[in-house]
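There are 2 protein chains.
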Amino acid sequence: MLSKNKVTIQDIAEKANVSKSTVSRVLTESAYVTEDKREAVLRAIAELEYQPNIFARGLAGGQSLAIGVLTQIFGSPFYDAILRGILQGLQVSDYSPIFADGQWRPEIEQGALQTLLARRVDGLIVVGGATPDQTLCQIGEEVPLIVVGRRISGLESQSVYVDNFEAAYQATHYLIQAGHQQIAYIAGILSHQDAFDRREGYVQALKDAGNVANQDLIVGGDFRRHSGVLAVEMLLTRGQTFSAIFAANDQMAFGARLALFRRGIRVPDDVSIIGFDDQPDSAYMIPPLTTVRQPAVEMGEAAAQAILDLLKGKPVDVPVFPTQLIMRESVARFR
Amino acid sequence: MLSKNKVTIQDIAEKANVSKSTVSRVLTESAYVTEDKREAVLRAIAELEYQPNIFARGLAGGQSLAIGVLTQIFGSPFYDAILRGILQGLQVSDYSPIFADGQWRPEIEQGALQTLLARRVDGLIVVGGATPDQTLCQIGEEVPLIVVGRRISGLESQSVYVDNFEAAYQATHYLIQAGHQQIAYIAGILSHQDAFDRREGYVQALKDAGNVANQDLIVGGDFRRHSGVLAVEMLLTRGQTFSAIFAANDQMAFGARLALFRRGIRVPDDVSIIGFDDQPDSAYMIPPLTTVRQPAVEMGEAAAQAILDLLKGKPVDVPVFPTQLIMRESVARFR
DNA sequence: CTGTTAGCGCATTCAT
DNA sequence: ATGAATGCGCTAACAG
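Taken in sequence, the protein lines are chains A and B.
Start counting the first sequence at 1; every next residue gets the next number (this note's numbering).
Start counting the second sequence at 1001; every next residue gets the next number (this note's numbering).
None of these hints come from the bench; they were simulated from the model.
Errors might be hidden in some of the hints.
[Claimed, not checked] Facing chain B, from chain A, some residues (calculated, C-beta under 8 Å): (1) 80; (2) 92; (3) 131; (4) 165; (5) 261; (6) 264; (7) 268.
[To be verified] Pairs of lysine to any residue residues, derived as SDA-like cross-links and limited to a Cα-Cα distance of at most 20 Å, are as follows: (8) B/1006 <-> A/61; (9) A/6 <-> B/1039; (10) B/1006 <-> A/63; (11) B/1006 <-> A/143; (12) B/1314 <-> B/1281; (13) A/6 <-> B/1239; (14) B/1006 <-> A/6; (15) A/6 <-> B/1038; (16) B/1312 <-> B/1140; (17) A/6 <-> B/1265; (18) B/1006 <-> A/176; (19) B/1006 <-> A/207; (20) B/1312 <-> B/1333; (21) B/1006 <-> B/1035; (22) A/207 <-> A/238; (23) A/314 <-> A/286; (24) B/1312 <-> B/1050; (25) B/1006 <-> A/31; (26) A/6 <-> B/1057; (27) B/1207 <-> B/1222; (28) A/6 <-> B/1025; (29) A/312 <-> A/39.
[Unchecked claim] Per the computed footprint, the stretches of chain A lying under chain B, defined by three or more beta-carbons under 8 Å from a beta-carbon of chain B, are: (30) 50-56; (31) 69-78; (32) 291-299.
All residues carry an ideal CB built from backbone N, CA and C; glycine is no exception.
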């Protein structure tokens, strides 16, 4: 009850010599209002510094003008970029984002989702996360929903994502073409669909080239930098032979590169590296990281745009976003 | 109007054979209710999956149960950590965070602030930003306010921050003690108070050691990694002599280190480096970065706790958070 | 085109 | 201790 502005449409109605309804009309633009009255209202609004009470509006109109955004911990370069995109995409609209964090933990995510729904968000954007596809489908029935960084089967048209399988396939293929035979793979958390798909792409590319993926060359990581370091340590400790490393994201690629550096192994002279994401930081790798570019910010913007369209009733069909293999000097040809 | 749950207290009142008022009472715990009725109500709530309508609640009660958080672009390691702390601190409460982004741009920040206020947030946490102290003071009059990562004069007791001057002083002092004479400084954006204070600390430490800061050794950066690269390039291009670099944050320190690497300059053998923030990534620097640790997550949590206390009416007095000079192998003694 | 009349779902008086 | 009655500020029919 600390809000200053106790000005209501009633006040401005009196000041403008019209009825509350008329005021409401110019506010919502739900009907034509004679120009002079309209101006009077606008003036009164300005003078009294009127600010609509969002609660009353929500109660009466059933709109919250809020978009719920389910995140998974701030701090991940890739997801942060998506969030920035969403923020930017929403900027132009009247909707404001309400965040709730799932912390990559299903139970918490569940609660976060509830919170968002309880807040009566008009639309929902789910960024990554571990909520089962099925659950999301259900939610999608009740509220306009867009999912980013993930493909929900049954909700493809509302998913903003890249073809991880294809991208990983191409990256691996590129290494093979360059003459690499032994390609190590640092995986992401396989319970994440994208991590799973990327690994599949890697495996398939090898298979198509007549190679069977050597399980000993596949090391599990967790998408964070340190796991890239450990993965390489692991490979080296086990005495594995490999001339290239494909990491499921740039952070792990960076970690891998540091581990190699410490061991005095040159890149790309001794070992080539490919990452995934094209995070700005990767450009600073020495040598610059060859990687698969994902348009994170654009995906976020697209998600925002899509949810807005959905709310406007326009049926949306978001295209699968294209990835791009960015070839830099961290891959040596032949070996 | 898409919300599924059309269950109102009226429904559960009927199901529990009591009046709306009684239901409201057990909901708000605003008065004693006989145990059996209370249970009946609770049961009905569970069975009907009742969810209070937050709009109605807000309208009638004047509470939004929301905490506004003014951010400045996701993606900064330091600020992201603060946000995580805030989220975590709020987790245990009934309040949920509503974010609005200022993008480090005063005009946008202004709008973001308005949005938050228009949403009738019960409390406000401002993370960094460029809003004038005075404006914040005014806002502080109208709504419970906590500022993080910044010291607002006139609002010290509601500011969660570290003593940047002192920290920078100590870091510089440490370099001096180690025998360094020519200490380059890579500054942050000086319009940010903390960047300003850090530079002052650096200058003062030199002064107290009988040195006058050499303006040619101070290079302006923007807190981002690339500016660290450019700063070093600049110093080298201009032919400056220096045996140590103090960067206003770890990202620029990292950039500086990469630039040195490219030039074949060894760290710490040829040049020593100290950063600021102790970002996890800095641990991966080769050699590990000597830096000033700021407890970002803890600050976020403290801010959340503080705002909750404020809302409960407890007067809050947040302590100045301690920084810590983390000495790793990136500083060589004497030169 | 515009004023009048009802609620929206809940917290909060009042009475009892 | 509990039910009945008000009103929060606004939108949305409803009549003119």
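_Which numbered hints fail_ = Result: hints 2, 3, 4, 6, 7, 9, 12, 13, 14, 15, 17, 18, 19, 20, 21, 22, 23, 24, 25, 27, 28, 29, 32 break, sorted rising.
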